[in-house]
Amino acid sequence: MTDRRLVVVSGGLGVPSSSRMLADALAAAARMEIEAGGLSASVSTFELREYAVDIANSMVTGYAPPRLEAAINELVAADALIAVSPVFTASMSGLFKSFFDVIDNSSLDGKPVLIGATGGSARHSMVLDYSMRPMFSYLRARTAPTAVYAAPGDWGEGETGTGSLDQRVRRAAGELVALMGDAPAPQPRAAAAPQKLAETSLPFEELLAQTQRK
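Under numbering that gives the first Met the number 0, the first residue of the sequence shown carries the number 0, and numbering increases by one thereafter.
It is worth saying that the hints were derived from the structure and are not from the lab. Just so you know, not all the hints are guaranteed correct.
[As the list claims (entries may be wrong)] Think about it this way: if two alpha-carbon atoms lie no more than 16 Å apart in a straight line, the pair counts; the simulated EDC-like pairs of lysine to aspartate or glutamate are:
id	residue 1	residue 2
1	LYS96	GLU49
2	LYS96	ASP53
3	LYS96	ASP128
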C-alpha cells in the first residue's frame, strides 16, 4: 500500500520538454525525501498538452470530459502537488492557467504545492512569485517557500545562478515533504559534496534528447 500520493502537472508543450524534465527532477527528489522518512510514495504525472482539447471544452461548456475529470479527481485526492509551467509572454502558459481555471476553486484548500517554471533566460524567473504563487495563494494551497526556476544554463555542466539547480530542487522537495508532515529526522552527514540527481551532469541539449528517447 502506498503511503503518500504525489501528482505532477507539467505545462510543457514540446517533446521533449524542459518543463517535464524539471517536474521529473522535483518528483524524484520529493519521493526520495518521503522514502527517507520510512514511507512509500507513488507519482502520477499529467502532461497538459495531452488534455488541451478537453481543457478548452471544459472552459466553454463548464463540464470536464471523463478523461480530464479523472485527472482532476486524482489531483484533488493526492497528498501533494508539483506544478511546473513554461514561461510564455512573461507569465505561466495559457494552457497551465486554464487547467487550474477549470478546477473547483476550493479543491486545493490546504494542499501542499511545489511550483516550478522553465524559460529561455534567468530574467523570467520572477514568474514564480508574481504569477504562479499568487494563483495558488488564491486557491488556498500551501505553497513551499522555495520555488524552482530553470533556464538552459542551469542544467548539467552549464549550471549558473544562485545555487545549483540540484541544490534548489532538493531544498524545495524537502520543504514540500515538510508541509506534508513527513520530513525525515535530521541525520548526520559527511562533508562530501551531495550526489547529483541522475543525469543532471549532462549538457542541457543531451538531457532533452534523452527525455525524447524515453
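Worksheet item: Any of the earlier hints contradicted here, and which numbers?
Response: Of the numbered hints given earlier, the structure breaks none, since each of them holds.
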